[in-house]
Every structure is written in C-alpha cells, then in structure tokens.
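Protein chains in written order, with this note's numbering: chain X, -2 to 110; chain A, 4 to 115.
FYI, nobody ran anything at the bench for these hints, they're computed from the structure.
The hints are all genuine.
Incomplete in silico selection of chain X near chain A, CB under 10 Å: (1) D91; (2) S92; (3) S94.
Below, a list of computed lysine-lysine pairs in the DSBU-like style, where the Cα atoms sit at most 35 Å apart: (4) X:K(-1) to A:K12; (5) X:K(-1) to A:K60; (6) X:K53 to X:K(-1); (7) X:K(-1) to X:K67; (8) A:K12 to X:K39; (9) A:K60 to X:K39; (10) X:K53 to X:K39; (11) X:K53 to A:K60; (12) A:K60 to X:K64; (13) X:K39 to X:K64; (14) X:K39 to X:K(-1); (15) X:K67 to A:K60.
Given the structure is predicted, the values throughout are model-derived calculations rather than measurements.
Each residue gets a CB set at the ideal place from its N, CA and C atoms; glycine is no exception.
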Amino acid sequence: QKEVEQDPGPLSVPEGAIVSLNCTYSNSAFQYFMWYRQYSRKGPELLMYTYSSGNKEDGRFTAQVDKSSKYISLFIRDSQPSDSATYLCAMTIDSGSARQLTFGSGTQLTVLP
Amino acid sequence: DSGVTQTPKHLITATGQRVTLRCSPRSGDLSVYWYQQSLDQGLQFLIQYYNGEERAKGNILERFSAQQFPDLHSELNLSSLELGDSALYFCASSATSYNEQFFGPGTRLTVL
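With the rest of the complex left out, here is chain X (with noise of 0.2 Å):
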C-alpha cells in the first residue's frame, strides 16, 4: 500500500464548477501538506501549504486537512479552463532541515470551457 493515495481520475468539469481533489494517507507521521499543479511536461509549480488540521484559503483555492481521518483536499472555485492539470498532493515530516516530499499520483483535471 502507497503512504499517499490519489485518485488519478481524469475529472472533467464544466468551466464555473467546483472541483474536489482529495488524497488520504497512512503514515500518521506527516506533518506538512501542499498541493502542486502540473501542467504537461512542466515542473510542479506549489499551490498551497498548510501544517495544520482545518481551512486554509487562498483566492480561489482552498485547502483542507483532516489529521483525524488522514485526509486532505483542494477545492477550487469558480474553475477555469486555465485550471486544466494534473494536481498533486505532498506530505512531509518535520526533520530539522531534511526533506523529502511524499507525492500522490495525481489528479488529472479538465476544465471545459
């Protein structure tokens, strides 16, 4: 069993829906989440960061972390086709200043204009 599991869809969506991404994991451990968006062949590029159970806002986006259930997501308002790639979950533990970013698969999303 993967430490990080993602839905890798596809998820295909009118343009103006609200998208759910979610990600669940196992390692109690984790501490840091972020969601990264991945257009084709580009590098990641880091949408938000939260260390804490709750909401954590930002513009359209918003991202949510249940430490309880082991369970985060992204919601994003409002989508636009702009918003079209792949979006990838990371967690991490705090280690002094070693890091390594746990991924999810992925989420393939399509906004349809």
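Since the structure of chain X is already known, use the hints to place chain A on it.
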C-alpha cells in the same frame, strides 16, 4: 518561472552510458532536492543537499550520485544507464522553509 534552472532540457543517450544533470537553485536558497518522475512510479524523492552537505536520501540507486558545489549549484550523475532510467528529473530548491520547495522545469532523459 520558479527561478530554478536546469540543464539540459532533453537528453538522449544509450544504455550503459553516464550523464550529468545540472541544477541552479533560486538565489539565496541553500537546499537543493532531486526528484525523478516516471509514468509508473510517479514523482519520487531522490536526495537533498543543504549548503554542500547531503541531508536526506530517498530511493536513489547506487548508480546515481549527486553533489552540491560551493556556489550552491548541484549536479546529479547517472551511470550505467538502463532503459528504466528514462524519466523526467526535477530539481527543486528551498530557503529556510524546507517545506516550500520550488521546482525547476526538469530534464527529460531518454535511454535507448
């Protein structure tokens, strides 16, 4: 543009060969990370350097090695290449918030 640069963009080589991938971190970032992305394994952490010293190691093969130089750029050396090493190799860098890692555009390696 994340500010992280990687060269070359593409690399095509043959099995058994050795290649070197280069990464320049964002200005001022002391940490450099290497990741491999393949279709079957996804994005996997290889190794981290912090100010010239190895700080964390992931699933990096013994045929692979890396180093970070005094000017903070890093190189990933891949030797005795196999077909299965074909992948995208990303470098990322971070400042003191080690969780906020900024990725470069990647090097696409094709082993024939």
